[in-house]
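*Asks:* The lines below spell out each chain.
2 protein chains.
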Amino acid sequence: MPRYKITIEYDGSQMVGWQRQKEPNSVQQYLEEAIYNFSKENVVVHGCGRTDARVHAYAHVSHFDLDQTYPIITVINALNYYLRIAKIVVLEAEIVDDDFHARFKAKARSYQYLVINRHSPLILEKNRAWHIISPLDEHKMQEGANFLIGKHDFSSFRAKSCQAKSPLRTLEQIKISRDNEKVSFFLKAPSFLHHMVRNIVGTLVYVGNGKLQPDDVKDILEAKNRAAAGPTAPAAGLYFLTADY
Amino acid sequence: MPRYKITIEYDGSQMVGWQRQKEPNSVQQYLEEAIYNFSKENVVVHGCGRTDARVHAYAHVSHFDLDQTYPIITVINALNYYLRIAKIVVLEAEIVDDDFHARFKAKARSYQYLVINRHSPLILEKNRAWHIISPLDEHKMQEGANFLIGKHDFSSFRAKSCQAKSPLRTLEQIKISRDNEKVSFFLKAPSFLHHMVRNIVGTLVYVGNGKLQPDDVKDILEAKNRAAAGPTAPAAGLYFLTADY
Chain A
5 MPRYKITIEY DGSQMVGWQR QKEPNSVQQY LEEAIYNFSK ENVVVHGCGR TDARVHAYAH
65 VSHFDLDQTY PIITVINALN YYLRIAKIVV LEAEIVDDDF HARFKAKARS YQYLVINRHS
125 PLILEKNRAW HIISPLDEHK MQEGANFLIG KHDFSSFRAK SCQAKSPLRT LEQIKISRDN
185 EKVSFFLKAP SFLHHMVRNI VGTLVYVGNG KLQPDDVKDI LEAKNRAAAG PTAPAAGLYF
245 LTADY
Chain B
5 MPRYKITIEY DGSQMVGWQR QKEPNSVQQY LEEAIYNFSK ENVVVHGCGR TDARVHAYAH
65 VSHFDLDQTY PIITVINALN YYLRIAKIVV LEAEIVDDDF HARFKAKARS YQYLVINRHS
125 PLILEKNRAW HIISPLDEHK MQEGANFLIG KHDFSSFRAK SCQAKSPLRT LEQIKISRDN
185 EKVSFFLKAP SFLHHMVRNI VGTLVYVGNG KLQPDDVKDI LEAKNRAAAG PTAPAAGLYF
245 LTADY
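Keeping their order, the protein sequence lines are chains A and B. In terms of our numbering, the first sequence opens at residue 5 and continues consecutively. In terms of our numbering, the second sequence opens at residue 5 and continues consecutively.
I should point out that these hints are in silico values taken from the structure, not numbers from a laboratory. Careful: at least some of the hints might be erroneous.
Result set (SDA-like, lysine to any residue): computed pairs, CA atoms no more than 25 Å apart in a straight line [what the hints assert, rightly or not]:
#: 1; chain 1: B; residue 1: Lys130; chain 2: A; residue 2: Arg58
#: 2; chain 1: A; residue 1: Lys186; chain 2: B; residue 2: Ile127
#: 3; chain 1: B; residue 1: Lys91; chain 2: A; residue 2: Leu128
#: 4; chain 1: A; residue 1: Lys9; chain 2: B; residue 2: Pro125
#: 5; chain 1: B; residue 1: Lys91; chain 2: A; residue 2: Gln18
#: 6; chain 1: A; residue 1: Lys130; chain 2: B; residue 2: Ser17
#: 7; chain 1: A; residue 1: Lys111; chain 2: B; residue 2: Asn184
#: 8; chain 1: B; residue 1: Lys130; chain 2: A; residue 2: Ile89
Stretch by stretch, here's where chain B covers chain A in the computed footprint (C-beta under 8 Å, at least three residues) [unchecked claim]:
#: 9; segment: 13 to 20
#: 10; segment: 116 to 124
#: 11; segment: 170 to 183
Keep in mind that this is a model prediction, so the values were computed, not measured. Glycine is no exception: its CB is placed at the ideal position from the N, C-alpha and C atoms.
Sequences are here, hints too, so could you generate the full structure?
*Replies:* Right, dumping it as structure tokens:
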């Protein structure tokens with residue numbers, strides 16, 4: 005029974021998130037229906053991680069099992085044919101060992117968060133970025149972000165609804181860069197808590213606009229209290245980048 | 005009678021191009037109507053250049069005259085309020101001397117053309133790039149492109165419908181770069197012929213995929229014949245970048 009690993013790109017702006025739910029338009033449902041339409045097999049697709057409604061992905065990884073073995077190019081082209089009704093595309097596919105698991109075998113996940121920092125409303129980046137008018141100091145944001153690198157209790161940056169057993173996570177990298185009006189946050193960790201990236205970005209934006217000082221990030225982390233941190237950044241600016249195995 | 009210079013961004017994917025025509029949804033018409041709604045003055049907006057249907061712009065420049073003098077921030081915010089029905093936004097505005105002219109005083113114009121070079125259909129870059137499946141060699145494309153730098157008769161890259169008196173143009177820069185699947189063309193010249201950027205890109209793609217050799221670009225240029233060159237690249241991948249004064 006071959007196991008297929010697929011890497012997909014999606015535009016989350018009109019979707020309810022990765023996970024199948026009562027409402028239609030989840031990435032998981034679109035994938036499972038496309039796999040059924042192609043193979044006539046009912047499968048569960050296991051993702052490397054859930055993304056919230058309106059979050060995008062450049063290279064999200066998932067896996068599923070089929071009874072039949074198909075050539076890889078057939079899997080890619082057939083799924084993309086049935087996925088043309090959704091804003092999802094399969095970039096790569098491969099047959100992997102039975103012990104591969106998109107979620108449990110992922111060693112690291114990385115995200116990008118995009119802010120457009122300018123006066124005027126967004127056009128080309130609409131639904132693809134967080135529009136922030138007040139000037140942001142990316143150097144101060146990086147200074148604050150550096151307190152978060154390493155293994156910490158991230159309770160201050162964890163959504164109420166987070167189902168993880170432990171609030172301990174290891175943030176391997178957080179890098180903030182600016183290209184004119186585009187301010188980009190790159191984060192990498194073995195795994196993240198629910199809303200962790202968006203809560204970190206929301207807090208760092210408070211550092212960038214001067215509401216907080218870089219040193220305050222240390223205190224916020226140590227408070228282990230969601231109320232101590234800044235707001236949750238909007239979903240539209242968040243991109244799942246890759247999972248490493 | 006103050007003259008206003010404005011810099012705008014637009015998503016051309018659902019527009020008929022810069023110039024006002026019988027069909028609605030031109031950039032010029034949207035701007036002129038927004039200016040009327042704001043000032044109750046009927047004006048003609050003069051652009052630094054026309055763009056075709058579905059072409060985008062990051063910083064297109066135009067000008068218009070009003071009887072009244074308004075604070076710049078009022079002009080920007082009022083126009084953006086009325087432009088919210090369109091995929092156009094005013095980024096900057098300023099009051100300029102009477103001898104300023106968006107078209108006739110522009111010393112240089114620059115464009116970007118974006119190709120996504122991969123097997124799978126586009127999602128995040130849909131309507132924003134040319135999707136090309138066959139592998140492109142960006143070094144060979146640059147080698148071919150270098151024959152075009154300087155002052156030449158660009159008849160081979162000129163649309164039939166081009167209204168310019170002379171086919172002579174001076175291409176100051178053409179630079180091709182790759183970032184994974186993204187292949188980007190940057191072109192700068194005092195002015196361009198109609199479809200010149202798209203015809204150059206369409207020809208260079210033939211060099212990139214091996215249908216032509218880099219040296220062939222020299223022969224195509226010297227042929228001064230549109231039939232000698234490659235196809236016109238689709239509008240969706242083209243971005244007007246800036247005009248210099």
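*Asks:* Would you mind marking each hint as holding or not holding in the structure?
*Replies:* Hint-by-hint comparison with the structure:
1. B:Lys130 - A:Arg58: holds (17 Å)
2. A:Lys186 - B:Ile127: holds (21 Å)
3. B:Lys91 - A:Leu128: With a Cα-Cα distance of about 8 Å, the restraint between Lys91 of chain B and Leu128 of chain A holds, given a limit of 25 Å.
4. A:Lys9 - B:Pro125: holds (19 Å)
5. B:Lys91 - A:Gln18: holds (18 Å)
6. A:Lys130 - B:Ser17: This hinted pair holds, its Cα atoms lying about 13 Å apart.
7. A:Lys111 - B:Asn184: Since the Cα atoms of Lys111 of chain A and Asn184 of chain B sit roughly 23 Å apart, the hinted pair holds (cutoff 25 Å).
8. B:Lys130 - A:Ile89: Status holds; Cα separation ~14 Å.
9. 13 to 20: Coverage by chain B holds for the segment 13 to 20 of chain A (3 residues, Cβ < 8 Å).
10. 116 to 124: Result for this restraint: holds, n = 3.
11. 170 to 183: violated (count 0)
Hint 11 alone, counting from the list given before, is not met by this structure.
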